[in-house]
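A.B. asks: Listed below, chain by chain, are the residues.
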Amino acid sequence: MHRTGDLYGHFQTLEQQKETATLGMWIFLVTEVLFFGGMFLTYTINRSAFSTAFGIGSNTLDITLGAGNTVVLIMSSLTMAMAVWSAQVGKKKLVSIFLIATLGLGTVFLGVKAIEYKQKFDHHLIPGRGFDMKYHPAHPMAGDDLKELALEKKEVDEAFAVDPDINFHGQLYFSLYFGMTGLHALHMIVGVGLLIWLIKGSFGGRFTPQYNTPVEIVGLYWHFVDIVWIYLFPLLYLIDRHR
Amino acid sequence: MSNTPPTPDLELPDEHYLNATYGSGIRSWLLTTDHKRIALLYLASVTVFFFIGGVLATMIRIHLLTPGGALVTPETYNKLFTMHGVAMIFFFLIPSIPAVFGNFLIPLMIGAKDLAFPKINLLSWYIYLIGGGFVLYSFSTGGLDTGWTFYTPLSSVYSNSAVTPAVIGIFINGFSSILTGLNFIVTIHTMRAPGMTWFRLPLFAWAHYATSLVMILGTPVVAITLLLAGLERMFHLGFFNPALGGDPILFQHLFWFYSHPAVYIMILPAMGVVSEIIPTFARKPIFGYAFIAGSSIAIAVIGFLVWAHHMFVTGESTYAALTFSFLSYLVAIPSAVKVFNWTSTLYKGSISWDPPMVYALGFIGLFVIGGLTGLFLACLGLDIHIHDTYFVVAHFHYIMVGGAVMGYVGGLHFWWPKITGRLYPKSLSQFAAIILFVGFNLTFFPQFILGYLGMPRRYHTYPPEFQVLNVLSTAGASILALGYLLPMSYLIWSMRYGKVAGPNPWPATGLEWKTDSPPLTENFHVTPEVTWEPYDFQNRPDLGLAASARPLAPAHGDD
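Top to bottom, those sequences are chains A and B.
Our numbering puts the first residue of the first sequence at 3, with every later residue one more than the last.
Our numbering puts the first residue of the second sequence at 20, with every later residue one more than the last.
Hints are supplied without guarantee of correctness; some may be wrong.
Below, computed lysine-lysine pairings styled on DSS-like, alpha-carbon distance capped at 25 Å [what the hints assert, rightly or not]:
| # | chain 1 | residue 1 | chain 2 | residue 2 |
| --- | --- | --- | --- | --- |
| 1 | B | K533 | A | K20 |
| 2 | A | K93 | A | K202 |
| 3 | A | K94 | A | K115 |
| 4 | A | K202 | B | K138 |
| 5 | A | K20 | A | K155 |
| 6 | A | K155 | A | K120 |
Because the hints were derived from the structure by calculation, they are not lab data.
If you're wondering where the values come from, they're calculated on a predicted model, not measured in any experiment.
Please build the complete structure, drawing on both the sequences and the hints.
C.D. replies: Quick look at the structure:
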């Protein structure tokens, strides 16, 4: 498969090549929807069966970090869209700037996610033998707000009265929390890798109004990963905040 | 080839994809992006898995020669049928026709130089190898005994066999299938030659389009399901484990959401093969082109809505069962449309008994039996009696082996001259096709009776009164084995000693026959322009059919 300039040998024209690449990415995203779909279905069924445990589990998440991360990710989608636009109108410097901004925001998101995961470790909320929904209020960590913990303790006690097996069912919530956000984070890491590849290309001035397919299809991917988070955030963080 | 006029001795083209050198030796194969070479890589690797699955099947049949079991312990027997299923379904049947013939032919048939994403095509083969490696590791470090369905919590908690590497292997292999399907869909959308409109596409391409839809929509679901089951096993999570609040029925729903449509991944491409062979050897345009094309899509779509008929006795509501029963009946309609159209194509055709045709006719016979017995199983009342018996085993082998493998071997005979440039011995291959048909029926027809009489599947032992039928089945299996070994030997023989075929030995109407055999790396010397309708023998002087020698029936056989 030889290549003349930007055109691979098995295509007739650049338009055909671009159409092909774009369609390929859209179809890939369809498969991704179904890939995540299996987890969303598992989530939905377990949440309707064990709503108390899921509510408590959801309330242990840090809403500030979660909401902050949502904003970061939406911002990164904006910068990604700007990078695509810059490539299309031929502003080569702006392409690099916006791609780097996207990369930065994506990295921030992953960093925040790591902090959140660490909190769950500290609070014994990793599914497995040491899992204990009671742990957090009963054993305050340094720097925990005692007033807040008292509230949580009341909430947890009530939940145990409703669902004595909450430690099992809570594990389902956290399995899904780690499974879904973990899979999402994995996609973010792949996206970061793709961005680095694009930035390398943009420094070489590869993306022009005639040839910018890589920027565009990585953009599609990035927006998709963003949208997955837009669903994950309310489903994982917000389901029981009204109490 | 009674229809071909006498031709001077043919010679292979000087330069073709097999002898073209880019890089040296083995590297030119392992790093190739040529869809035809990748197809041959797949051909070799699926054959390995076919052999592994075949050896396991042989052991099963030998074991069942006596009521008490003749060969292995009960635990080993569980592993035998599980590994047979895993090897055959995930690593032979699903990739067989799409990854070998789909890869080889789709670009040729639509007049393209390659698939849309040649590198991804190669990647999919490596993913297949990695997945296959994990599964072989599982087989060789104790095997697995969960059944190919991996039902939880047996697979995720209780089984003491090597489930984890097998699940990882199948998970990885899924992406090979997804990438192949994605490649085909995009290729058919964007890579068609000038004049190759959607309704001039060969029905093989339509069948693969439908197959690819199932691949891209179903496979991700089974991937995530097996991932969850694997995580459950590795980290003691509880998604599908009732002891921890999980739901094993959910696993079954998710599993069958892919694994029922997966049956259509196996049978639709075989139907595509038969739709190519029948008009070629009836010398007639296919009857009801648009209906055959549409029925492929209909099977793919309806096929997604029937999965819970595998679970009629595992606890679903009556209303769900009714709905799924009805939808399962519905899928019979497009399948029957195909059978009727093939039969109508034969009507008043000028039929020749070339080997591919014998296989295709065998396919129709076996598929009809397999399809009709599927209706028995879709019937709620009857299914309670025959569920999990040998009736089910016989039914799905009629579809998967009688249908899909028959189509695969038929396709191998049809396109072998295109792939290698050479012909194989004609009478021997006709004989092999008949052996295959007889051996198959003798193996699996007794199993319908066994199942109806109540012999459950997956048991290592059976009451003495079932022995006669079991011995018949085992005898049939040995004939069936001969039916596979014969083509394997003479096809390999023909690669060196076969008569040179020429570009279009049958002759057939498809675009793939308009180029050299074997084709160039770029497929065509010049990008072809399609000006004719599909399967039209009348307006194709280039086929070399003497118009006066054989009266051609009108397009729709109505006179």
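A.B. asks: Would you list, in rising numerical order, the hints stated earlier that this structure does not obey?
C.D. replies: 1, 3, 5
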